[in-house]
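Engineer: First to last, the protein sequences are chains A and B. Heads up, the first sequence is in our numbering, so the first residue is 4 and it goes up one at a time. Heads up, the second sequence is in our numbering, so the first residue is 2 and it goes up one at a time.
Treat the hints as calculated values from the structure; they're not laboratory data. Bear in mind the structure is a predicted one, so any value in this text is a computation, not a measurement. Treat the hints with care, as some may be off.
Claimed, not checked - Computed spacing ranges between beta-carbons, pair by pair:
hint	chain 1	residue 1	chain 2	residue 2	range
1	B	I164	A	G343	49 to 59 Å
2	B	D150	A	D236	22 to 32 Å
3	A	C150	B	V135	38 to 48 Å
4	B	V146	A	K75	56 to 66 Å
5	B	G152	A	R244	13 to 23 Å
6	A	K152	B	G80	52 to 62 Å
7	A	I355	B	P142	32 to 42 Å
8	A	R244	B	D150	46 to 56 Å
9	B	D150	A	K75	47 to 57 Å
10	A	D82	B	Q33	17 to 27 Å
11	A	E85	B	A112	25 to 35 Å
12	B	I164	A	K75	28 to 38 Å
Beta carbons are placed, not taken as given, at the ideal position from N, Cα and C, and that holds for glycine.
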Amino acid sequence: MGKTFSEKILGKKAGKPVAPGEIVEIEPDIAMSHDNTAAISSTFYKIGVDKVYDPDKHVVILDHCTPAANEKFAQNHKDIREFVAKQDIKNFYDINEGICHQVMPEKGYVWPGALIVGADSHTTSYGAFGAFSTGIGRSEMAVIMACGKIWLRVPETLKIVCDGEFQPGVTSKDLMLKIAGDIGADGGLYRAIEFCGSGIDRMTLASRFVMTNMAVEIGAKNGYMIPNDEVLDYVKSRINREFEMFESDPDAVFDEVLHYNLADIEPMVAKPHTVDNVASVSTVRGTKIDQVFFGSCTNTRVEDFEVVVSILKGKKVHPNVRMLVFPASREIFLEVLKRGWIADFVEAGAIIMNPGCGPCMGNHEGVPAKGEVTLSTSNRNFKGRMGNKDAEIYLCSPRTAAVSALTGRIEDFREVVDCRL
Amino acid sequence: MKIIGRVWKYGDDVNTDVIFPGKYTYTVTDPQEMAKIALEDLDADFAKKVHKGDIIVGGKNFGCGSSREQAASCLLYAGVGAIIAKSFARIFFRNCINFGLPALTSAEAVANLKHGEQIEIDMEKGKIKTESGVYQFPPLPKEIVGIFDAGGLIPYTQRKLGIEPKEQLNNEDN
């Protein structure tokens, strides 16, 4: 009987064949934490260990509230800088680099067959690169700092086969929202999700990233895709190590298999206040919006900027809309700057912010007022998520966000003649 | 160990943002202050009226969303004795175990429990005694039960490493 990707990689790490449901203790290849590293370091010292077990395994990236919004955040960042210096954690990226989940692959900490844990739920993202990656808690990260190990349960695998081609303008964000709506916020609970099929094989890296990033929004432990050529080229240009790839065997046993034809996917939104409260964008057309958040680890890569600038160029953001733009990283910011797109955004009236998480979890840089509606390219729209429980968040693709920014209402881009498809 | 308390009953998919809003994750670190904002965006009365030992009952996927472990620890600091749900989101479940907070699954109990009723949980026997009957919950996997029995991941790790605990642990006061 064959094995799935997750069974193979966890078996390799555990040094024995494993089956779903088994609990194994493993040493991750990479352990990532962000602004929560100060709290983690505090717990680490309380354990009673003085030196981090393997400093080279840890990557620390400041992104959640950068630059610091007040003295508490500032102290938090200062504590982290002191901790990484004292513990000789060289893989440290200060507030200028961008969102941890983008900076990780850019700086070469992600590769096919890597086992990565992160003290952040969207650590599932790296499955787009063929890695096994999952989120853990702060105390668990402190224990990895102390002794290098963590327990993981070997997951069952839900296979989602995506064939066919998207209709013009429809993207992996719409697909992922559709899947969330179909199977629910717990549809992948405790399971690995393997995305495969010709639609995934052809998909760009940025589009693949959206899906594994949001795998956690349907409860998954990890998301996984077989790396395609674009992924392998990207990884090889950024790492200097050999890696072993793992793929599910043809006779692997899957817990469940779902099929999607990409041609059937419509532009989608997630309505307030859950990611699985999903509807076709056509059903919410005309909903007035106050803010567009073009940001987050989900949808702010170069290809997303290309879509949004193609819609905004030479036009004006609606006067009643604040459009906040957060490139995912410094590298992406520089690239879109070189392409001349930043000028187009500024001329359109958008506000260019620094790479980082921005208002995604309500810390700063765009917290909405009571009763306001934010249309967001991010991955989560829970009540209070952006810092105000009396505000509403709709999730959508960058294209839907851009078209809607122009009119001040949620638009179905298929109905907007001049959206340059 | 027996846990006796009143039921606070909520629905499906109670997420970490309504349990412990993201805006507080780096600014509210004192356990007493954390307790005051527990469930702030779900039930503003909860933190004011919760009693030690009270039990939260949720539907499916309790604790979905962020990895922030304050979602588990703030409930512990608020006095919550246990959480019973149809299912738990995986990181939240891990965080509960790591803080020694019982996270129990029983769809049957969830279906029958009423807001405000007094119940008794017998951890050794795996039973929930309620007005409508007695419900069983499954034990923790054998690999994990040691973490819970030690009082959480940090004391468990100290034991494993042969370290004598120096102080009362409190994982949030950074």
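Engineer: Tell me the numbers of any earlier hints that the structure contravenes, in ascending order.
Structural biologist: Hints 2, 4, 5, 6, 7, 8, 9, 11 are the ones this structure does not satisfy, whereas the remaining hints hold.
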